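Reconstruct the complex from the two isolated chains, following the hints.
Taken in order, these protein sequences are the chains called X and F.
Under the working numbering, think of the first position of the first sequence as 33, with each following residue one higher.
Under the working numbering, think of the first position of the second sequence as 548, with each following residue one higher.
Treat the hints with care, since some could be wrong.
Rough simulated footprint, nothing fancy, chain F against chain X, three-plus residues with beta-carbon under 8 Å [said to hold, decoys possible]:
1) 87 to 96
2) 103 to 110
Just a sample of chain X residues kept apart from chain F, beta carbon distances all over 10 Å, derived [stated by the list, open to error]:
3) R127
4) Y128
5) N130
6) E202
Derived by calculation from the structure, the hints in this document are not laboratory data.
Predicted model only: the values in this text are computed from it and were never measured.
Quick reminder that beta carbons are idealized off the backbone N, C-alpha and C, glycines included.
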Amino acid sequence: MSDSEKTAGTPPPQPSAASGEGGRPEHPEPLRRPGEALPGKPEGARSSVAGDVAALAGGLKTTLTEFFRPQVTLGYPEDKSPRSERYRGRHYLRRYDNGLERCIGCELCAAACPVGCILVIAAENTDENRVSPGERYAKTYEINMLRCIFCGYCEDACPVQAIVLGPEYELSDTSREKFIYTKEKLLEPLPPDVQARLDTKGPK
Amino acid sequence: MNQIYNDPIGHWVVVTVAIALLLFVVLTATAYTVWFERVALGHIQRRPGPNRVGPWGLLQLAADGVKLAFKESFVPAETDKLLFVIAPTIAVAAAFLSWAVIPIGLWYNVQYWIADVNVGVLLIFAFSSLNVYAIVIGGYASNNKYSLLGGLRSAAQLISYEMALGLSLVPTFMIVGSLRLRDIVDYTVHWGWYNGPIPLILLTPIGFVIYLMAAVAETNRAPFDLPEAEQELIGGFLTEYSGLKFVMYYLAEYINMITVSALAALLFFAGWYLWIVPPILAFLLKIVLFLFLYIWLRGTFPRLRYDMLMRLGWKVLLPLAIANVIVTGIVLVATQG
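Chain F extracted, bound-state conformation (with noise of 0.2 Å):
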């Protein structure tokens, strides 16, 4: 399977092929971890969420897409409207393209990417930053205070955040030695009797940590949603936005909820390994586990106070993952020679 990559054409049949394939499932896994977060948040605040429309509410999101996409499309009067249009397509197409390098497991010797590009985890980082355009430009754009406050809100939060998550992974690639996202995932050891993968937060538990804060900050949720902060903020840079181009945001922020959850399973929890269980139903398994982390924290913790979220970026969560690099370098030379 792995071989037709190197076929030219092959290699062009299967990306085309990956590319409808992955657009379509991450679309439709988008949709569910909207409905899992209703149910789930329900369920935390002991009612049942969405359960009207389908099976247990399964097609909720289908009426609730075609309200929002039958909605005007409404443009406020003395804006930038190009700006006010690209920005949330900047939002989605960053989200999505993240997902262009991330391998899935099919089977136990069969995965699936559509690009695999030997400095994957960097991409990932590149395209993520890509969302704070999205946010700067549409909270620009919409001629709002509000927006406007939320987009550079957005922007402060996700530099200071970007560097702690950046430096969080850095022990990871000094232990296996590669950025590409498969070698990560298929990093072995030979402890003794044990020969094969294992979940990288064994070797970089405080790496775990800080990725786990940075991410629920770098895709703007809950405790972290500045940006958004309904009470002071109205919607932040979503105020003015309705109908598809405030869906085009949402979906964003869903992918991207998938995508770093994906890349915690990758990353720190082997990825598709998981003892004898099928690989794509544990990668799956392992990202619906972080999905329900991030749902858990929104539906437990009130969002931060910004300065609180300031002093937490810079001055514990940089220098500890500037700490974990250090130490981890010192404690390679110290083993490996």
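Here chain X stands alone, though its shape is the one from the complex (with noise of 0.2 Å):
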């Protein structure tokens, strides 16, 4: 074994030398660079049909082994990898505690969207209407999710962490119109997890 690793550098053994007793390459076998031709069969040594039986039966146990091992597959639908729990999914629009939206209509992640798929409306709030704690509330909020590459740009520069990006990622629907996402959907609650996960060391 030493042989190969003392001739390193130098050109390999010749294929003599390269091959054990009993015309069995020896292991581990020496590199070879490219082009370099494979290591002769030694003088003498001769395919036996008992070598060759053993090498099917080789191969015959190698799958009947993995036949009995346990599967890697996931089936999908049922059973889903494990995702971060910084995964960036689907948006969602935050409230306070009282009631009151967070969103102040500043515009800041509809600036920040590199794909510009934010569209944000502000209007007054009133004391008659008030909708969140600011002067102003998002009276439109849409995204266009066919457009959105969940960057996470908005969340960062939401300077009341009014919008989070959720951990749903299947968002497969049916018609164009559907993906454009609206306050009414987007006001949907967090899945509890998340919102725990915000209220100890998420954005506050």
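Shown next, in the form of structure tokens:
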């Protein structure tokens, strides 16, 4: 074995030296450079029927072992691979605990969005109609999910942490219109685990 | 039960019922062989295989069948349309015909067959050779170079392995003294205290090994599936076939698989005799084990190169089979006089 290691950097040993006794190649095999011929069989070595049959049986044994090993397939719709808790899926607009919307209609998210998929139209809060604690609120808040690249810049840009990206990634639907997420859809309550995470270590 | 075959009218009633029943059983068995193959191959590759349609994916074949049946019955332009349609029919007819002479043990003294021919094995060989016509004609009629090459390969391969296959069974016939499948299964020995049927593999182990390899080649299964060779011949003779005509070839291949497995069980493993196991279960078990062996081979070995296939057939299997016949003859003469 050490023979091949000692000669590293020099041409590998001659075929006759590279093969061990009984015509079987030594392991680990010496490294071959590109274009270099395979070491030939030593003189007098012949492929034996017993060796060939043993090789075939070895292959059969391998496949049979694999047959009884546990499968690696995930039955997707039922079993899902785990997501990172920071996974960026569909958007949510958050509310304060008193029910007021966080969004103040500043449009920083729309400005930060690299693909321009966010549309915000702001309106003034009045004492009769108070939607958010600030001066203004988002009268219209739409995200075109067909354009969204889920980069999360909107979440970073938001000064009041109103918009967050949740964990859902199965967003397929049957018409283009359904991909324009309106305020109604975005204000759906966050999944409890995401809410809990945001409450403890997320943006306040 | 067996006497009913001697009654002229009862004979025809039994045969008609038997044909209808066997058609149903073989078709169902074929469907579940495909399912079994896909699941077993899946497990070998550490995935589940079909598991969506029905419980454990058992209805997958129904879904596939409906899908294929509703496909357009397409015949390529500039082809020989008659031959193009006849070829898959030959394949499936030949595959079914073999089952006419295969006896099935139902219970301890009840057996079931359509025709109790005294040259049963010979007939099965005749029918299985018809399969080569289906493939060659299909390949020729498709007017496609890949199909033609696939057909030609198939012809050469089947001719090469047919001889080894036939010769591998000759020692069995020499020992038993009959070509009737029932006689071969019922072959009994009187070894000291033991009186009863034995698996003939004990007497002709080499014949079994040759039979195993030749049978895989004969049914065009991996690793001898050169006629369809996806990588270099697209689909071989199957290239131009789709829809129900494709189904017929596919069906024929799987029926042949079951036939060859049943034949192996009958000729080398004492058919339906297995200790105290009920005969029908024993027979089924043996067939399923052989089918698994087929699938196992397919999941393990890469396809042989064409020259390797020919070398194995002509230079290894055929001489070995002839030597096996001669040695068996000498031993028989020496022991029985």
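How the hints compare with the structure:
| no. | hint | in the structure |
| --- | --- | --- |
| 1 | 87 to 96 | holds (count 6) |
| 2 | 103 to 110 | holds (count 4) |
| 3 | R127 | holds, 41 Å |
| 4 | Y128 | holds, 45 Å |
| 5 | N130 | holds, 48 Å |
| 6 | E202 | holds, 18 Å |
Every hint from the earlier list agrees with this structure, and none is contradicted.
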